[in-house]
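Undergrad: First to last, the protein sequences are chains H and Y. If you count the first sequence from 1, position 169 lands on 169 in our numbering, and the numbers rise without skipping. If you count the second sequence from 1, position 7 lands on 7 in our numbering, and the numbers rise without skipping.
These are computed hints drawn from the structure, not numbers from a lab. Just so it is clear, CB atoms sit at the ideal spot from N, CA and C, and this is done for glycine as well. Warning: the hint list may mix true and false statements.
Claimed, not checked - When the alpha-carbon atoms are kept at most 20 Å apart in a straight line, the in silico SDA-like pairs for lysine to any residue are as follows:
1) K119/H <-> P179/Y
2) K119/H <-> R184/Y
3) K14/H <-> D35/H
4) K119/H <-> T178/Y
5) K201/H <-> F40/H
6) K84/H <-> L38/H
7) K146/H <-> S107/H
8) K119/H <-> P189/Y
9) K146/H <-> W266/Y
What the hints assert, rightly or not - Residues on chain H that point at chain Y, a partial pick, calculated with CB under 10 Å:
10) E91
11) R103
12) D105
13) A144
14) R148
15) A152
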Amino acid sequence: MNVVATTSAPVSLKLERIVQDYPAVAGGTNRVIDDVTLNFEGPGINMLLGPSGCGKSTLLRMMGGVRPNDVKTPSAGTIEIDGKSCDGAHEDVITVFQRYANRPDLSVFDNVAMPFRFKLWRERASNTEWTRRVRETIAAVGLADKERLLPAQLSGGQNQRVALARALVLQPRILLMDEPFAALDAQTRGDMQELLVDLFKQQPCLVVFVTHDVTEAMVLGDRVTVFSAQPGRVADDFRIEAVRPRMDLWLRSTDGLAMQQRILAQLHQSAGHGRVAVTV
Amino acid sequence: MSDRETLWNPYAPLTAHQRRLLGVGTVLFVLAAWAIVSATGLVGPNRLPAPWSVANALVLLAWDGAEHRSLLLTATAWSLMRVVSAGVLVVMIGVPLGVLMGAAPRINAALSPLIDPFRSAPVVALLPILVMWLGIGEWMKIVFLFIGAVVYLIPMVRDAILAVPQAYWISARDIGATPWECIRQAVLPIAMPRIFDGIIVAVSVMWTYITVAEYINAQEGLGQLIQNARRFSAMDQVFAGIIVIMALALISYQLMRYVRQRLYPWETAQ
Chain H
1 MNVVATTSAP
11 VSLKLERIVQ
21 DYPAVAGGTN
31 RVIDDVTLNF
41 EGPGINMLLG
51 PSGCGKSTLL
61 RMMGGVRPND
71 VKTPSAGTIE
81 IDGKSCDGAH
91 EDVITVFQRY
101 ANRPDLSVFD
111 NVAMPFRFKL
121 WRERASNTEW
131 TRRVRETIAA
141 VGLADKERLL
151 PAQLSGGQNQ
161 RVALARALVL
171 QPRILLMDEP
181 FAALDAQTRG
191 DMQELLVDLF
201 KQQPCLVVFV
211 THDVTEAMVL
221 GDRVTVFSAQ
231 PGRVADDFRI
241 EAVRPRMDLW
251 LRSTDGLAMQ
261 QRILAQLHQS
271 AGHGRVAVTV
Chain Y
1 MSDRETLWNP
11 YAPLTAHQRR
21 LLGVGTVLFV
31 LAAWAIVSAT
41 GLVGPNRLPA
51 PWSVANALVL
61 LAWDGAEHRS
71 LLLTATAWSL
81 MRVVSAGVLV
91 VMIGVPLGVL
101 MGAAPRINAA
111 LSPLIDPFRS
121 APVVALLPIL
131 VMWLGIGEWM
141 KIVFLFIGAV
151 VYLIPMVRDA
161 ILAVPQAYWI
171 SARDIGATPW
181 ECIRQAVLPI
191 AMPRIFDGII
201 VAVSVMWTYI
211 TVAEYINAQE
221 GLGQLIQNAR
231 RFSAMDQVFA
241 GIIVIMALAL
251 ISYQLMRYVR
261 QRLYPWETAQ
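Use the sequences and the hints to build the structure in full.
TA: Structure (structure tokens):
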């Protein structure tokens with residue numbers, strides 16, 4: 001399979017002292033993200049792990065250039081892609097959302113081919129070229145025999161595969177994933193994680209993956225960044241060297257259990273902070 | 001159905017047969033009551049014509065053997081033509097305007113004070129004003145129908161656009177769509193079934209206004225037919241006219257429902 005020519009060009013994504021405030025309901029401001037500096041280099045799967053409300057999704061949206069209309073985002077700090085400051089949508093950055101947003105009236109094929117209805121991508125690939133790419137990507141996510149079906153005829157996991165394919169068909173250098181598997185059942189989630197590892201092996205890129213699931217972070221991540229609860233700060237940041245796919249055996253090994261303990265301890269501690277912060 | 005469990009349970013499904021039986025049963029019951037009231041002379045024919053005289057009037061209107069003409073057919077054709085021409089205008093202007101209002105909050109903020117109050121405005125009271133502006137010709141009738149229906153359609157189209165989950169917009173933006181491409185490719189297709197519902201309502205509204213539109217100086221049309229019959233106290237013909245209008249409205253409703261189902265089969269499958 002050769003969905004994407006492996007990009008040898010280095011890719012970097014830098015978050016420099018990011019702060020995010022939102023206006024609080026009671027007046028004043030609520031700090032959601034407090035002074036986060038992160039540096040992602042080259043291909044790899046980077047997990048952002050934290051309790052809900054820690055600002056990790058907000059952070060991911062910032063990276064993807066999704067900006068709310070009413071609040072300045074970020075309140076302070078800079079985002080750099082390949083050393084260049086970036087404050088909006090970037091064509092090398094594609095996001096897979098938890099809500100897969102497939103068009104209900106279009107087939108799997110047409111949903112994956114959606115970007116080529118837009119001027120930006122239509123001008124870059126001939127019809128035969130993008131048709132081939134769409135076919136190959138659909139096959140890569142395991143839906144080759146379902147090209148003609150409508151989203152309503154697919155399961156939740158299969159719909160998320162469609163969304164994943166729509167992102168991968170653009171060969172993004174940076175792939176952002178916003179709790180993409182959180183709404184799926186455990187079995188399907190496991191399958192999707194395996195698929196992601198598989199696809200990553202074939203076409204490495206810089207993945208930033210937001211999750212609140214400790215096991216998911218451990219199974220997928222080359223690097224795991226643990227966030228504290230509101231306001232979100234980096235509480236812990238470490239690499240995982242173990243080879244993927246990481247099976248149950250690894251999760252239950254001494255290494256695996258130690259890592260799990262470390263993460264859970266961090267989360268519990270920061271959850272405590274969170275409660276304090278709320279009452280202040 | 002006699003079972004209390006299923007009588008007072010909004011989620012208890014009815015079979016198609018049961019539904020038809022109950023619907024037809026009610027209509028037959030009303031007809032029977034009407035027939036009894038007329039036959040016993042409880043209500044005089046000047047107040048309520050008997051069902052059989054209404055049927056007679058229908059037959060006479062449908063084909064007048066003496067004059068060799070069908071009053072009903074010509075009247076229906078004229079009314080239908082007015083509803084269709086006003087309907088084309090309503091869709092051509094109402095849908096784009098509603099989409100613009102749904103898509104652009106500023107346009108919505110600017111235009112909704114002009115449009116929303118008209119939903120509860122006495123549109124019928126506009127008729128004398130329209131006569132003053134446009135005279136008593138064909139245009140006046142079509143513009144009246146247009147105003148009556150478009151003030152319903154525009155807010156419904158706008159709300160259909162606003163009801164599309166933001167996720168569609170965000171993910172289309174993310175894969176490089178311009179704002180217009182987002183509207184065209186991600187928002188509009190998903191809003192279409194609800195927009196079509198708006199068109200169905202607009203057409204129903206026009207059928208209710210057609211008699212009013214044809215009140216003034218209509219030479220032809222179902223409204224004129226009813227008006228004329230009323231003038232000669234031909235109550236059976238008034239009833240016949242009303243029944244024909246209701247039947248036409250029902251037929252166009254069912255027809256559009258069918259078209260909607262064919263155009264957007266995925267909507268019910270979801």
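Undergrad: Output the numbers, in ascending order, of every earlier hint that fails for this structure.
TA: Hints 13 and 14 are the ones this structure does not satisfy, whereas the remaining hints hold.
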